[in-house]
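Engineer: Counting in this note's numbering, the sequence shown runs from 1042 upward without gaps.
Any given hint could be a false lead.
As the list claims (entries may be wrong) - Quick list of in silico lysine to aspartate or glutamate cross-link-like pairs, EDC-like style, CA-CA up to 16 Å: (1) Lys1051 - Glu1076; (2) Lys1411 - Asp1234; (3) Lys1232 - Asp1312; (4) Lys1464 - Glu1515; (5) Lys1207 - Asp1183; (6) Lys1432 - Asp1420; (7) Lys1281 - Glu1364; (8) Lys1281 - Asp1269; (9) Lys1411 - Asp1363; (10) Lys1411 - Glu1364; (11) Lys1159 - Asp1122; (12) Lys1432 - Glu1443; (13) Lys1072 - Glu1085; (14) Lys1464 - Asp1508; (15) Lys1072 - Asp1090; (16) Lys1602 - Asp1582; (17) Lys1542 - Glu1583; (18) Lys1486 - Asp1531; (19) Lys1542 - Asp1508; (20) Lys1452 - Glu1435; (21) Lys1562 - Glu1631; (22) Lys1602 - Asp1305; (23) Lys1602 - Asp1306; (24) Lys1608 - Glu1570; (25) Lys1237 - Asp1312; (26) Lys1411 - Glu1435; (27) Lys1225 - Glu1380; (28) Lys1370 - Asp1414.
What the hints assert, rightly or not - Cβ pair distances, simulated, as ranges: (29) Leu1203 - Glu1076: 31 to 41 Å; (30) Leu1611 - Arg1300: 22 to 32 Å; (31) Glu1197 - Ala1114: 20 to 30 Å; (32) Asn1465 - Ser1383: 27 to 37 Å; (33) Ser1412 - Ser1272: 28 to 38 Å; (34) Glu1583 - Asp1363: 26 to 36 Å.
The hints are simulated quantities; they were obtained by calculation from the structure and are not laboratory data. Don't be surprised by glycine CBs; every beta carbon is placed ideally from N, CA and C.
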Amino acid sequence: LFSRADIVRKAIELPDGQGFELHRPWIDRIKINCEKCGATMQREQFVLDTWHNSGAAPYASLTDEEFNDLIPATFLTEGIDQTRGWAYTLLMENVIMNEAGIAPFQSFLFQGHVLDEKGNKMSKSLGNVIEARALLSDNPVDLVRLYFIWKSSPIESLNFSLDEMKTRSYQILSTLHNLHVYFKQNSGFDKFDHDKHNLQWVADGNLLGQTEVWLLSKLQGLITEVTDSFSRCRFHEGAKAIDEFIINHLSQTYVPLTRNVIWDDSVENLDRRLAVYSVIGHALMQLDIMLHPLSPFITEYLCLTCFEKKSSILLASWPTHDEKLVNVKVESAFDMIKEIVSLANAARNLAGLKRRWPIKQVMICGHGVKSLDIEGFSDALKSQLNTGEYKLVEMPGGSQVEKVVGLLDGKMPISFSVALVRKNVAPRVKADIGKVSQAFESADKLSVLNSLRLGSYSLAFDDKTVDLSPSDVEITYRASEGYSSSERDDLVVFISTTRDKDLTAKGLLRDLARQLQQLRKERQYNPTEILNAAHAAGLDDEEVATLSAMSDELIYLVRVKSAALSKEPLDNVNYKTIEIDGREFKISVE
């Protein structure tokens, strides 16, 4: 008997009518005609155990044939509180019926509870309940699904926060959508053909740059990680891996590195642009497929509209790892570049320099940095650092002594100090600690460093000597005036903070370009469209002269045919007032 309708159809007596309550004692009063023997049937009156009945119900509802076909079930999932209850009795009763240690399920997942954002149990009396119907009415279902899976392991309790859901999870889907729009607009401009300009075409034409090699190699790692995590029900790990690839690798690294390639509209550069489209398109298609189980609606839409597919994404094959596309050497080099850029940005923050402002020179010191001195990485490094010049200094990893000596050997702009750690030395020299300190103050500190690098420094005092080890001294250094530095482990990055008129002008030009690019978006111009003119007013005479000499870069960055830079606003121009570093300017694109 699988439904109320079945019971009503087969009942001999319905004392409480057809709208009877399905629980005891009402269900006990109903009598059923047995189809096998014709006798009267009624519900078993005695309950051995509530959970026993619960566990027996699935088996009692199956015929022998159905039981043999369906059990063990492929997958069982329930709330974590059912581990000792329903799931346990299902297991035990299956063992009893089979008279063997056989589980009724091949795999299982016991899910944690959803709590409020403070970790408290949701309760109507506390007013912290999130109603599912309201949640799904006010928010995209794809966003809700992704947040639940991305947030934590399914076996752990989840602290639900609407604000958190609308930040990172939203950013993932929003960025994925914007990447598809970016790809569609630019590839359409160059008449990119998905079928013709595939990865094989790119490889045959030797059109893969180091940036493409890096992204495709990272994609292989993502495919392996997502496939493995999904197969082990570690869905949150797969979701976070997709998050990392979309935001950090594709959006924030690969797209900026290849933007100049896409913006070079020359016929000679067409194949290179098509190669970039091929790699972006391939990556987006793989992402759509892997993210589809988590956010099915947006991925289906993006796949059908962006790649002009006629069949559902559900009919696409799951991505497979391609060992030929893996390049560990290039991945390691790019990982180092990202670490270098992070340190350079930290040094910029210390010096109060915006990331958009070009800097004169960057010096990179560390173990293995010379591996970046290969073809294809120079432009990527300069672009990411926003500098015209950089220097790589190989420096062995090790102690602070070795680091400072290495920086000095590499002629890095530092000043250093070496101080005696009295508490370490005093037990050995006792009453002579004052004399030792005085002698140390007079010692040549560079000689001290060079000796300590070899193991120890012999300090003479009052016709005596004491051997000092690296642990007996404290060595510090800082960037010299005109420079800023940042370090992590054995990697040290120095940037020049000196800004001449040329660098200051370039910084202002980049600030104006960013504001003009934003104005393009506000006025809803097509990103691929080359507009007639960009205008900037509010400059002084020197700035007009300097920036006019650099106007080709502004024209290129804003995608316009000409740039009008002036002291006073021009007539018949629809200006917008902006502010840059406390100064007011007027800009326009049209």
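Engineer: With reference to the structure, classify each hint as holding or not holding.
Structural biologist: Here is how each hint holds up against the structure:
Restraint check for Lys1051 and Glu1076: satisfied, since their Cα atoms lie roughly 9 Å apart, inside the 16 Å limit. Between Lys1411 and Asp1234, the direct Cα distance comes to roughly 39 Å. Violation of the 16 Å bound is thereby established for this hinted pair. In summary, the hint linking Lys1232 to Asp1312 is supported, as the alpha carbons are separated by about 11 Å, within the 16 Å threshold. For the given pair, Lys1464 sits about 12 Å from Glu1515 by alpha-carbon distance, which is consistent with the 16 Å threshold.
The suggested pairing of Lys1207 with Asp1183 holds, with an alpha-carbon distance near 12 Å, which does not exceed 16 Å. This hinted pair checks out: Lys1432 and Asp1420 have alpha carbons roughly 13 Å apart, not beyond 16 Å. Taking the CA atoms of Lys1281 and Glu1364, the gap is about 23 Å. The hint is violated against a cut of 16 Å. A hinted pair counts as satisfied when its Cα atoms are at most 16 Å apart, and Lys1281 with Asp1269 qualifies at roughly 13 Å.
For the suggested pair Lys1411 and Asp1363, the alpha carbons sit about 29 Å apart, so the restraint of at most 16 Å is broken. Proximity of Lys1411 to Glu1364 is assessed by CA-CA distance (about 26 Å); at most 16 Å being required, the pair is judged violated. A threshold of 16 Å between alpha carbons decides the hint, and for Lys1159 with Asp1122 the separation of about 20 Å lies outside it, so the pair is violated. Between Lys1432 and Glu1443 the CA atoms are separated by roughly 20 Å; this puts the pair beyond 16 Å, and the hint is violated.
Between Lys1072 and Glu1085, the direct Cα distance comes to roughly 11 Å. Compliance with the 16 Å bound is thereby established for this hinted pair. This hinted pair checks out: Lys1464 and Asp1508 have alpha carbons roughly 15 Å apart, not beyond 16 Å. About 23 Å separates the Cα atoms of Lys1072 and Asp1090, which puts this hinted pair outside 16 Å; it is violated. Annotation: proposed proximity of Lys1602 to Asp1582 is violated, straight-line Cα distance about 23 Å (limit 16 Å).
Pair hint Lys1542 plus Glu1583 holds up; C-alpha atoms about 10 Å apart against a cutoff of 16 Å. Restraint check for Lys1486 and Asp1531: the C-alpha separation of about 22 Å exceeds 16 Å, so the hint is violated. With a C-alpha separation of about 52 Å, the suggested pairing of Lys1542 with Asp1508 is violated against the 16 Å cut-off. Distance check on the hinted pair: Lys1452 and Glu1435 sit about 12 Å apart at the alpha-carbon level, within 16 Å; holds.
About 12 Å separates the Cα atoms of Lys1562 and Glu1631, which keeps this hinted pair within 16 Å; it holds. Restraint check: the Cα-Cα separation between Lys1602 and Asp1305 comes to about 14 Å, which is no more than 16 Å; the hinted pair holds. Restraint check for Lys1602 and Asp1306: the C-alpha separation of about 13 Å stays at or below 16 Å, so the hint holds. Restraint check: the Cα-Cα separation between Lys1608 and Glu1570 comes to about 28 Å, which exceeds 16 Å; the hinted pair is violated.
For the proposed pair Lys1237 and Asp1312, the alpha carbon gap of about 12 Å is at most 16 Å, so the pair holds. With a CA separation close to 6 Å, the supplied pair Lys1411 and Glu1435 stays within the 16 Å bound. Pair hint Lys1225 plus Glu1380 does not hold up; C-alpha atoms about 31 Å apart against a cutoff of 16 Å. A threshold of 16 Å between alpha carbons decides the hint, and for Lys1370 with Asp1414 the separation of about 13 Å falls inside it, so the pair holds.
Taking the beta carbon of each, Leu1203 and Glu1076 are about 53 Å apart, not inside 31 to 41 Å as hinted. In this structure the hint that Leu1611 and Arg1300 lie 22 to 32 Å apart at CB holds, the actual value being about 30 Å. Between Glu1197 and Ala1114 the beta carbons are some 24 Å apart, a value that agrees with the proposed interval 20 to 30 Å. Separated by about 34 Å at the C-beta atoms, Asn1465 and Ser1383 satisfy the suggested range of 27 to 37 Å.
Take Ser1412 and Ser1272: their Cβ atoms lie about 35 Å apart, and the range 28 to 38 Å holds. A hinted range of 26 to 36 Å for the beta carbons of Glu1583 and Asp1363 is inconsistent with their spacing of about 56 Å.
Hint compliance for this structure: hints 2, 7, 9, 10, 11, 12, 15, 16, 18, 19, 24, 27, 29 and 34 are not met, and every other hint is.
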